[in-house]
Amino acid sequence: MSALLSVAGLRKSFGAVVVADDTSFDIAQGEAVGILGPNGAGKTSLFNLVTGALSPDAGRITFQGQDISTSSAARRCKIGIARSFQVPQPFGGMTVFENALVGAVEGAGMRSHEAEAHVLAVLEDTGLLAKANIRAGALTLLDRKRLEMARALAARPKLLLLDEIAGGLTEAECTALIDTIKAVHAGGTTIIWIEHVVHALLAVVERLIVIDFGKKIAEGPPKTIMDSAEVKEIYLGVDPDV
Amino acid sequence: MSAPVVTRATRASRVAMVIAALAVIVLALAPWWAGRADLRLMGEIFLYLSLACLWNLMAGYAGLVSVGQQAFVGFGGYMLFALTIFGGLHPIVAILGSGVLAAMLSVPVAALIFRLKGAYFAIGTWVMAEVFRLTFAQVSALGGGSGTSLPVGVVKSLAASRSGREALSYWLALGAAITVITCVYLFLRSRRGLALTAIRDSEVAASGLGIDIWRTKLEVYVVTSAFTAIIGGLIFLQKLRISPDAAFSVNDWTAFVIFIVVIGGIGTLEGPIIGTLVFFLLRETLADFGTIYLMVLGAVAIVVMLKAPKGIWGLVRDRYDLELFPLSYRVRIKED
Numbered sequence: 000m001s002a003l004l005s006v007a008g009l010r011k012s013f014g015a016v017v018v019a020d021d022t023s024f025d026i027a028q029g030e031a032v033g034i035l036g037p038n039g040a041g042k043t044s045l046f047n048l049v050t051g052a053l054s055p056d057a058g059r060i061t062f063q064g065q066d067i068s069t070s071s072a073a074r075r076c077k078i079g080i081a082r083s084f085q086v087p088q089p090f091g092g093m094t095v096f097e098n099a100l101v102g103a104v105e106g107a108g109m110r111s112h113e114a115e116a117h118v119l120a121v122l123e124d125t126g127l128l129a130k131a132n133i134r135a136g137a138l139t140l141l142d143r144k145r146l147e148m149a150r151a152l153a154a155r156p157k158l159l160l161l162d163e164i165a166g167g168l169t170e171a172e173c174t175a176l177i178d179t180i181k182a183v184h185a186g187g188t189t190i191i192w193i194e195h196v197v198h199a200l201l202a203v204v205e206r207l208i209v210i211d212f213g214k215k216i217a218e219g220p221p222k223t224i225m226d227s228a229e230v231k232e233i234y235l236g237v238d239p240d241v
Numbered sequence: 000m001s002a003p004v005v006t007r008a009t010r011a012s013r014v015a016m017v018i019a020a021l022a023v024i025v026l027a028l029a030p031w032w033a034g035r036a037d038l039r040l041m042g043e044i045f046l047y048l049s050l051a052c053l054w055n056l057m058a059g060y061a062g063l064v065s066v067g068q069q070a071f072v073g074f075g076g077y078m079l080f081a082l083t084i085f086g087g088l089h090p091i092v093a094i095l096g097s098g099v100l101a102a103m104l105s106v107p108v109a110a111l112i113f114r115l116k117g118a119y120f121a122i123g124t125w126v127m128a129e130v131f132r133l134t135f136a137q138v139s140a141l142g143g144g145s146g147t148s149l150p151v152g153v154v155k156s157l158a159a160s161r162s163g164r165e166a167l168s169y170w171l172a173l174g175a176a177i178t179v180i181t182c183v184y185l186f187l188r189s190r191r192g193l194a195l196t197a198i199r200d201s202e203v204a205a206s207g208l209g210i211d212i213w214r215t216k217l218e219v220y221v222v223t224s225a226f227t228a229i230i231g232g233l234i235f236l237q238k239l240r241i242s243p244d245a246a247f248s249v250n251d252w253t254a255f256v257i258f259i260v261v262i263g264g265i266g267t268l269e270g271p272i273i274g275t276l277v278f279f280l281l282r283e284t285l286a287d288f289g290t291i292y293l294m295v296l297g298a299v300a301i302v303v304m305l306k307a308p309k310g311i312w313g314l315v316r317d318r319y320d321l322e323l324f325p326l327s328y329r330v331r332i333k334e335d
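Order-wise, the sequence lines are chains G and H.
Per numbering that gives the first Met the number 0, the first sequence starts with residue 0, numbered consecutively.
Per numbering that gives the first Met the number 0, the second sequence starts with residue 0, numbered consecutively.
A few of these clues could be false.
Unchecked claim - Derived lysine-lysine pairs resembling DSS-like cross-links, with alpha carbons at most 27 Å apart:
#	chain 1	residue 1	chain 2	residue 2
1	H	LYS216	H	LYS116
2	G	LYS157	G	LYS181
3	H	LYS216	G	LYS77
4	H	LYS309	G	LYS130
5	G	LYS214	G	LYS130
Note that these hints are calculated values from the structure, not bench results.
Bound conformation, chain G alone (with noise of 0.2 Å):
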């Protein structure tokens, strides 16, 4: 089977600061990976660089076949990769409704009728349909970035990558998302996840990917990884030695 996503010999630095390093993986499709690693790491500036939020300085990302290394962030979008960013980024004049509507209307490029119901669908998945009017810029935290995901997943995306969502939930709220996502992943959608809370991404995903200072530092199975020495010390600080 070939790979949906293929990310090849990536490199982007910012002077001094490396951001992705050789980075190469691949997302075969209707996979859901992990990705793990300390603060600043370069988890997010990867999600921009398969985005199109940012250019890389060498290496290729193919997508479904198709290199889209130079394609606008808006083209990666309508062929079927949307995220969520960590910083929540709601357009704050519109309403939670109009929101999610700009993803199925502009990322999945949806008629208008079946737009709505699409976005109704995902409103109610999210949590998000009692809060359908309010203005996003009104929203709290949470419900920002639940509206991420909604966006997200308002354009209908073959790729979601998901950015830390998880933290600060409390555990009802965090089963609740860990059962959005499942169904979103049963549904055929390929998932990346960057999260913090570990038993969140373990309870979806089936591959890990570790990143430090813009390296991929191990992958495999989310258990080898978790047990492996090296993730421990350098992810959770863990002294090899004690």
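We have chain G; now place chain H onto it with these hints.
Just chain H now, kept in the frame of chain G:
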């Protein structure tokens, strides 16, 4: 079981539409109930209202904060004179033609100034307008630096009598304002408008959701430039005289327009309408006090920016959740 329904019109918007329709009828009959001076003033109000709506679309929605739209006001004015004097066109045809020419001209202008961001963009547009002014001042056939008047023959071709011309020029201004507001409203209500509103609120999220920001902005720039030139043509059809300094005045065609949009409420459709009314109310009451009038305008602008950064309409909308132009989508969850 609940089935959510998506609607757009609200009670307030329906009432506003009825009132607006009545107001348009009353205003269309103005040549029969208003005096000559009032007619002229109202014509000017409609043209400023049009300029404000256009600038608001460009700056408030597309984020193109231009201080150089006088380039297209002046271009439209000069094209009216050039196309009627040298081309022998009817003034109304010339004005529409100036819109087409301005649209074509705005593409290379955009290719240049779109490379600039934020404050640099603003200054770039101003520089561009100065280039326009200096260029037209070189055209001796149009009076060079001192300007020229519209020939009597051209003026007479509008209507034989003076009162007929005044009524026609008033109706053209009213028609322009209605056309501009309707077009901007329909545009914002369409799916392109949804995209533009998203750009207004967050460019990074908008591009991540599939919106081509550069193309959307270019479309807005071209359309507003064309309409701005048409309004410019109408302004100088009312004035009957043009000179580079009057045509490309940054004060008259941009500073006042920005004042109107900012105090009314930038990034809303209702804002420029309220702003225009406030501006003319201030201007007409303070007209006798000379330069104090400009100082009061400045003071009002500062107070509004500090106390109500979203303008008068922003204040009203936040407090009463009002919307006169039904742009929003509202989800109603029906219980049955």
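Now the hints, each set against the structure:
Between H/LYS216 and H/LYS116, the direct Cα distance comes to roughly 13 Å. Compliance with the 27 Å bound is thereby established for this hinted pair. Among the hinted pairs, G/LYS157 with G/LYS181 is consistent with the structure: their alpha-carbon atoms are about 15 Å apart, no more than 27 Å. Only pairs whose Cα atoms come within 27 Å are accepted, and H/LYS216 paired with G/LYS77 is accepted, the gap being roughly 19 Å. Under the criterion of a C-alpha separation no larger than 27 Å, the hint pairing H/LYS309 with G/LYS130 is consistent with the structure, at around 23 Å.
A distance of roughly 41 Å separates the Cα atoms of G/LYS214 and G/LYS130; the hinted pair therefore is violated under the 27 Å criterion.
Violated hint: 5 only; the structure is consistent with all others.
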